[in-house]
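Add chain H to chain D, keeping to what the hints say.
Protein chains: 2
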Amino acid sequence: MKLSKLGEFGLIERVRKATPKGSGVRVGIGDDAAWLECRSRTFLLTADLLIEGIHFNLQWSTFYGLGYKTLAVNLSDLAAMGGSPAYLTLSLGIPVDFKTEDIEEFYRGVRFLAARSGVSLVGGDTSAARRFFISASLIGHCPYAPVLRSGAKVGDDLYVTGTLGDSALGLELLKKRKGKTREDAAEYLVSRHQFPSARLKAGALLARERLARAMIDVSDGLLQDLNHLCKASAVGAVVWENALPLSPAYRTLAGQKRALHALTGGEDYELLFCTRRRDRSQLEKIQRRLGVPIARIGECLPASKGIKVIDGGGRLASFTVRGYDHFKSRP
Amino acid sequence: MKLSKLGEFGLIERVRKATPKGSGVRVGIGDDAAWLECRSRTFLLTADLLIEGIHFNLQWSTFYGLGYKTLAVNLSDLAAMGGSPAYLTLSLGIPVDFKTEDIEEFYRGVRFLAARSGVSLVGGDTSAARRFFISASLIGHCPYAPVLRSGAKVGDDLYVTGTLGDSALGLELLKKRKGKTREDAAEYLVSRHQFPSARLKAGALLARERLARAMIDVSDGLLQDLNHLCKASAVGAVVWENALPLSPAYRTLAGQKRALHALTGGEDYELLFCTRRRDRSQLEKIQRRLGVPIARIGECLPASKGIKVIDGGGRLASFTVRGYDHFKSRP
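From first to last, the protein sequence lines are chains D and H. The first sequence lines up with residues 0 to 330 when you count with numbering that gives the first Met the number 0. The second sequence lines up with residues 0 to 330 when you count with numbering that gives the first Met the number 0.
The following block holds chain D by itself, in its conformation from the complex (with noise of 0.2 Å):
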């Protein structure tokens, strides 16, 4: 059915029916405003947007998939402050001659990241537009104290979660085919760059330990991030190219420009993070807790030494420290 038959209220109403009413909402979609319940004295909230044709392509995106990204990258800011998201808001601009099914499929894949992350869908706005695009707000309640990304100091040991570069090559892989991959490792990246894990289980554990001094997640590119992450704190930092987690799937496609990804490419949702280094036992000693593998790839160092990049042979390499820039134009 278009959406132009079913009409805004009837979308909302759709809405509505198919969202549980979860836990700590007191009013979700329906009113003027949602009324939600706090759960401790302070809390989180972070807003992403996710505009067709910029930051995805339904020539290589399904709906479902979309639904699942527009919530997972939310999840991941949340997880890099340690915080456990709870409220989710959705504004969407939908083309009239769009499918219900397709918005309701959307939906289908908030609910159920949503349903595995505790997460309740409380209200939104939609309205026609040119273009589909989808404005997401997210509320995290804070049961520690948050990992700001300015609490980085001179010598504390540089960390990342997962394996880096995966979703730069998926996507690199999904242009080449069009949506179809064959072999298992070409899968594997694909999924890596459209159902990103959100490390929330690690970005809690870590603020809760006191262990992350700051943290940031990896969504414009291991050095953009790092570079916003050193100029909140002041300091420096070294990469070691050697030292940067990689997957078996990326190491066996990823050809000649092995580090590049892993260092620019966006969208990995992994978590960088500083901790003391008379802390590096005690992060040993909780790792399988964690979650997900960690891997110490640098050091931070005094700010004037600006970031820099070790290669395998011991030189340094040099890279523009640049990931997306929404509005400059790209050579």
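For the record, the hints were derived by calculation from the structure and aren't laboratory data. Remember, predicted model here, so these are calculated numbers, not experimental data. A hint or two may mislead.
Unchecked claim - Below, simulated SDA-like cross-link-like pairs (lysine to any residue); rule was C-alpha separation at most 20 Å, straight line:
| id | chain 1 | residue 1 | chain 2 | residue 2 |
| --- | --- | --- | --- | --- |
| 1 | D | 230 | H | 6 |
| 2 | H | 20 | D | 149 |
| 3 | D | 230 | D | 305 |
| 4 | D | 230 | H | 29 |
| 5 | H | 98 | H | 12 |
| 6 | H | 4 | H | 125 |
| 7 | D | 230 | H | 12 |
| 8 | D | 230 | H | 27 |
| 9 | H | 230 | D | 305 |
As the list claims (entries may be wrong) - On the chain D side, residues computed to face chain H include the following (Cβ under 7 Å):
| id | residue |
| --- | --- |
| 10 | 6 |
| 11 | 34 |
| 12 | 42 |
Note that the Cβ used here is the ideal one computed from N, Cα and C, for glycine as well.
Frame of chain D, contents of chain H only:
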């Protein structure tokens, strides 16, 4: 300066610097999420979309006015629950050829109303987009139990704050004159369209005194919003056309279609609420403290009666209860 020169991170840095750190904000713009204080055990959350060419037109809107209105329409949602506004996120999709100055003008409009209403801008997102759009989320404290749409009972009085139809008539005048107005009356109506007042004081007092049993803000048009309220409360209603509060400017300029805009025109951002008949005298007593006049415009009927309008001659007027539906094509 073109936005493409300043870049996304340049823009965010400018907005961050110009934004005062507000009350209750532990971490605002610039980390993975904002870290915010909760004043009581619950809070309110609302979200609104504004899209160029659908919700506004840059031919007859200023960037400053858009910033102001973006916050105003969200404040109005909180007013309708009796809430107290606190934290705002703004996600903007911006065409890359926009001027930096225009976007800063937009934020100035937001900041002006934010300062007046105790709101802190704490985050959001920005991206390039083909058309300008704004997605806002606003969080409010709950000093009193929120007033829902669902509490109206048969026999309740129906009240509205302020005057109706000004905004729709103001927009009509704006379109005709392409932004140039001369008469005082027209200027008044245009300002009602461009700089609506959210009825925060009235909403909070009606919640505090437990006078409003059901409440909604008039954003889609009186009959449409009354329909939302009646559906949520499972009642019907009668509205007396003669009792509709009309401004002198509206009376001067509305011409033949006198009741039309007042009954169906959107964006008045007045409060529509229901009270027990026996609370009339108490309502009169606190009337001055509401900060805005109120008018008794009808009463709640059994659901089977639907929604009726009685015209000046005591006849049943026929109005299709239909406000704006973004996905439905219009006749």
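Pair hint residue 230 (chain D) and residue 29 (chain H), alpha-carbon separation not exceeding 20 Å: 11 Å, holds
Restraint status (C-alpha distance of residue 230 (chain D) to residue 27 (chain H) at most 20 Å): 16 Å, holds
Are residue 230 (chain D) and residue 6 (chain H) close enough, with their CA atoms no more than 20 Å apart? The given pair, whose Cα atoms are some 17 Å apart, holds under the 20 Å limit.
Evaluation of the interface hint that places residue 42 (chain D) against chain H, nearest CB under 7 Å: With a minimum Cβ separation of about 6 Å from chain H (threshold 7 Å), the hint on residue 42 (chain D) holds.
Take the C-alpha atoms of residue 230 (chain D) and residue 12 (chain H), compute the straight-line distance between them, and say whether it is at most 20 Å. This hinted pair holds, its Cα atoms lying about 12 Å apart.
Given pair status - residue 149 (chain D), residue 20 (chain H), alpha carbons within 20 Å: Satisfied, since the Cα-Cα distance of roughly 17 Å is no more than 20 Å.
Compare the distance between the alpha carbons of residue 98 (chain H) and residue 12 (chain H) with 20 Å, and conclude whether the hinted pair is satisfied. 16 Å, holds
Can we keep the residue 34 (chain D) interface hint, with Cβ of chain H closer than 7 Å? Hint on residue 34 (chain D): holds, closest Cβ of chain H at ~5 Å, below 7 Å.
Would the hint linking residue 230 (chain D) and residue 305 (chain D) be met if the CA-CA limit is 20 Å? Status holds; Cα separation ~10 Å.
20 Å Cα cutoff - pair residue 4 (chain H), residue 125 (chain H): It holds: about 15 Å lies between the C-alpha atoms, which stays within 20 Å.
Taking 7 Å as the limit, does the beta-carbon of residue 6 (chain D) come near enough to a beta-carbon in chain H? This hint holds: residue 6 (chain D) lies near chain H, its Cβ roughly 5 Å from the closest one there, short of 7 Å.
For a C-alpha distance cap of 20 Å, please report whether residue 230 (chain H) and residue 305 (chain D) respect it. 61 Å, violated
In summary, the one numbered hint that this structure violates is 9.
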